[in-house]
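Asks: Here the protein sequences line up with chains A and B, keeping their order.
For the first sequence, the working numbering begins at 3 and goes up steadily by one.
For the second sequence, the working numbering begins at 3 and goes up steadily by one.
Since the hints were derived computationally from the structure, they do not count as laboratory data.
Honestly, I wouldn't trust all of these hints.
A pair holds if it fits inside one copy or across any two, identical chains being indistinguishable in the list.
Straight line, CA to CA, 27 Å or less: simulated DSSO-like cross-link-like pairs of lysine-lysine [unchecked claim]:
#1 K345 x K205
#2 K229 x K454
#3 K345 x K325
#4 K229 x K282
Protein chains: 2
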Amino acid sequence: MLEMETKLAALKARLAEISDLDHAAAVLGWDQATYMPPGGAEARGRHLATLAKLSQEKFIDPAVGKLLDDLRSYEESLPYDSDEASLIRVTRRDYERAIKVPPEFVGRFSAHGAASYQAWTEARPTNNFARLRPLLEKTLDLSREMANFFPGYEHIADPLIGFADYGMKAASVRALFAELRERTVPIVQAITSQAPAEDACLKKHYPDAGQMAVSELIIKRLGYDYKRGRMDKTHHPFTTEFSIGDVRITTRVQENWLGDCLFSAIHEAGHAMYEQGVDKAYEATPLGSGTSAGVHEAQSRLWENVIGRSRGFWEYFYPELQKTFPEQLEDVSLETFYRAVNKVERSLIRADADEVTYNLHIMLRFDFELQMLEGKLAVKDLPEAWHERFQADFGLRAPDDRDGVLQDVHWFAGLIGGVFQGYTLGNVLGAQFYAAALEAHPEIPDDMWQGKFDTLHAWLIENIYRHGRKYTAEELVQRITGDPISIEPYIHYLREKYGELYEI
Amino acid sequence: MLEMETKLAALKARLAEISDLDHAAAVLGWDQATYMPPGGAEARGRHLATLAKLSQEKFIDPAVGKLLDDLRSYEESLPYDSDEASLIRVTRRDYERAIKVPPEFVGRFSAHGAASYQAWTEARPTNNFARLRPLLEKTLDLSREMANFFPGYEHIADPLIGFADYGMKAASVRALFAELRERTVPIVQAITSQAPAEDACLKKHYPDAGQMAVSELIIKRLGYDYKRGRMDKTHHPFTTEFSIGDVRITTRVQENWLGDCLFSAIHEAGHAMYEQGVDKAYEATPLGSGTSAGVHEAQSRLWENVIGRSRGFWEYFYPELQKTFPEQLEDVSLETFYRAVNKVERSLIRADADEVTYNLHIMLRFDFELQMLEGKLAVKDLPEAWHERFQADFGLRAPDDRDGVLQDVHWFAGLIGGVFQGYTLGNVLGAQFYAAALEAHPEIPDDMWQGKFDTLHAWLIENIYRHGRKYTAEELVQRITGDPISIEPYIHYLREKYGELYEI
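Just chain A, with the same shape it has in the complex:
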C-alpha cells in the first residue's frame, strides 16, 4: 500500500501542476473580461493558447496513464466514494477524454476563443454580426473538429454536451426538453393571456454605485465570502475560480434597469458559493470544482430565482433596497416590487427572462446548436433564423442582432455545442434539490423572512458543494432525492409560485 500511496502522491503532484496552469489561464481570462486594455488582446490570445497547450501536454503524458493503470487495483480496493478512489476515477475519466485531443488543437482552439471573445466585446455594441461571422464560422469548424476527436457518437453534439454535463446526450436532453416544453407552454399561455404585471418601478434611474453596493450587501448576507472572492464588472457576467480561496464573480450594470446587476450578482454568487464550498482537500486536483454545468446552474438559478425572487427574501431585503434608493422606491409597495421581479412575459433577452419563459430561450439555442453542428444551419443564416424562430416561439422580433443572436457571449467565446443545456438542467435540478432541502429543513422559507440563509447554505454545502466532482450529476441527484432527474418538482414549483401570482 505504501507503494500505492507514493504513486498517488506522484499523480497528485502532476495534477497540481496542471491545475496551476489551468488556474493561471483562468486569471488571464478574468483579466481579459474585466480590466485588460484593448491593446492587450492580441498577445493575450497567445498567452492563453500556450497555457492551454502546455496543460494538455502535461496531462496526456503517458506517465499519467501509467500511474492511472498502476493505481487501478488500489482504486478497486477502496470504497467508491472515498476521496482517493474518487480522485483516481475522475482523473481517469478526464484523462481518457484528454488523450483524444492533440495539444496543438487545444492551443489553436483556445487562441481562437480569446480572439473571438475580444471581437464580440467590440462588435456586439455596434450590432456588427458581419464582423463576427467569419469568427463564428471558424468556431463551428473547430467545434465540429473537437467533436470528431470522439468518434462513435450518436449525435455530433454528444461529446460537447458530455464535456459540460457528463452522462447527457443530445437525445436525452431533447427528450427532457420536449417534456418540459409540453408542460411549460400552457403555463406561459395562461399567464400571458392575463394583464401583465407592472414593472415600471425597475425601470427608473438607478445609479451604478448604489446597484453595486446593494448587490454586494445581499450576496454577502447569502453567504458569498468576500475574503475569498470579489465582484467586478464585465460585458457578460461569469464566475471564475483560481483556487478554493479565490472564487470571483462579475456583474454588469444598466442604470435604467434594476434587474440586471442585482440578479446577475445573485446568480453568479450562487455559482461562486458552490466553488467556495468544495472540500479544501480537493484543491489543485480534478475533484476541486463543481461537477457539471447543470449542477452548477442549479446553484446559481436556485439562489437567483427560488430564493432571490421569493416573497420571504424581499420581505427581508426590500427595506435595505429602499434605503439605498429612497427616491425611486419610497412609493413602491413590497407587493408591487415582488410582482415586478416576477413579471412573466415574452421578452428578448435570455439573461433577463423570467423563470417561466426562460427555458424557451434555452431550447431555441440548444436546437440551433444541434442544427449548426449537423450542418443544417449555416452561420450566415443564423441571424435571420434567430428572428424567425423567435417570432414563432415568442411572437417577437428583436430590433437588431445585438438583442438577437449577439446577446449571449457563449458561442462567441469559442464553442458551439453543449454550452446552453446546463441552464435548463439547472432549473430542473435546482427544484429537485430545493425540494429535498425543504424536506430536511421545512423552516428554510420562514428563516428567509429574518434574513437567515445559512440553514439552506449549510445543507447545500453538506449535500452538494463539498463533494466537488466526486459524484456525477446523476449520482448526486440520486443520492439526494432517491430519484433520477425529473421535471416534476420544477413544474410543481412553477405552478405553486405562479398560481398564487396569476390565474393558471
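Given chain A, work out where chain B should sit, using these hints.
Replies: For chain B alone, coordinates are given in the frame of chain A:
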C-alpha cells in the same frame, strides 16, 4: 541561409512559449498586488512557482543550447546590431545564465517571493518586523544560494547586480557611488543649512478621486498610451508588462499628501513608456523589454524629476491642478508650488525623497545588501542598523520600522542584492540621456511650457525605447553620448537647478 532561418524560427517559437509563461506570471503578480482577495494568496504562490519552474525548464532545454550553437556562425555573419544577431546574442547571454539555475530552485524562489510579498502587505501597516524576519532570513539564504550558482565572482552580490544591471559589479557600483556621494553631500549640506522650502500646500486634504484623475490626465499628456495600458492602485507602485500592447502601471494615494500619487504615476509612466516604445518586432522575444534596471530608472526618474518637477512642466500643468483642487490651491502661487515639489530635506521615505538627497537613501540600502550577503549584517540586526545608519546619514530616526526598514517592498518581494543600485544609476544615466536630447533638440524645455512633450518622447523612442534589450546600458550610453557612464551631467543638472532655487 534558409536552414539558418528555419533554425531561427524554431528558436523564436520556443522563446515565444517561454515569454508567454513569463507574461502569464506577470499577470498573476499584477493581480496579486492589485485585486486579489486575501484567500487567494496561498494558491497564488503555487501558481507562480509552477509558471516560473516551467519557464525555466523550457528555457534550459538542451535543444535551445543546440539551436544557439548552430546559429553562432549565422550570428557572426550578420551585423552586430541587426535584429537577428542581437536576438541570438541576447538569448545566448540569458541562456548561459539560466542553465546554471535548477528549475526546482526557480520554483521555490518564486513561491517564497509571493508568500513574502503577501506577508509584507499585511505586516508593514502594523509595523510587524518580527513576522517578516524569518521570511527575510529565508530570502537572504535564497539570495545567497542564487548567487552561488555563479561561482567565480569577485563579490557575492555581483551575479545579482548583473541580473538587473548587466556589466555592473559591486566594485564598480561602489566606486560610482563613492564619487557621487563626495559630490552630493556638500550640495545637501549647503541647501539644508538654509531655511527649508514651504510645502504645506502639498499636505492639505486631497481626495483620492481628484488625485487619480489629475494623475491620469498628466501621464496621458506625457505620452503614456491608455489603449495599451491602465493604472490601478497598490501598496508599492510598480510597472508590469504583459506585451508591448499591455503595459500597466500602479500608484497609491495618500489623501493628506499630494506628492505620492502624482509623482508615483509619472515615475511609473516613465517606465511604461519605455516598454510601450519597444519595437513591436521584438514582441515575445528576449529583446522585447527594457535593457537594464538603470536604463529603466533613467526613464522613470527623467520623467518624474527632470520633467515632472521642472518649472516649464508646472507652468503648463499647474492651472489644471488648480482646476482639480480649487479650494486647496487657489491661494498657492505657481512659484510656491514649484518650490514645494522641489523641497530638499533630510527625510525618512526614499520614494518621497527629493532629487538631491535621494541617492543617499539608495547608498544606505545598497551597502546593507552587500553587508547582508557578505554575512556581516544579520537580518535580526537590520532594523536597528537601519536606524543607526539613518541617524548618521540623515540625522533622523524613523519612529518605527514601518517608515524604516519596512518601507520598501523590494527585499520583501524575495531578493536581497541588486535591487536598489538601478535607481541611482538611473538618476545618473537619465541626466546623460537628457543632456544628449537637449543637444539634439534645444527646444525641449520651451516646448514643455506649452504642454508639448512629444519631441522628447520621440527622441527617447528613437534612441532608447525602440531598441529594447538590443544594446546593453553601456552600449546605449556610449552610442548616445559618445562617453561611458559619468556623473558629470547629473551633478551639473543638480547644481544648475538647485543653484537657482538655493544658494549653493
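Asks: All hints are to be evaluated individually against the structure, with a verdict given for each.
Replies: Going through the hints against the structure:
no.: 1; hint: K345 x K205; result: within (13 Å within a copy, 55 Å between copies)
no.: 2; hint: K229 x K454; result: within (20 Å within a copy, 46 Å between copies)
no.: 3; hint: K345 x K325; result: within (23 Å within a copy, 48 Å between copies)
no.: 4; hint: K229 x K282; result: within (15 Å within a copy, 40 Å between copies)
Checked against the numbered hints given earlier, the structure satisfies every one of them.
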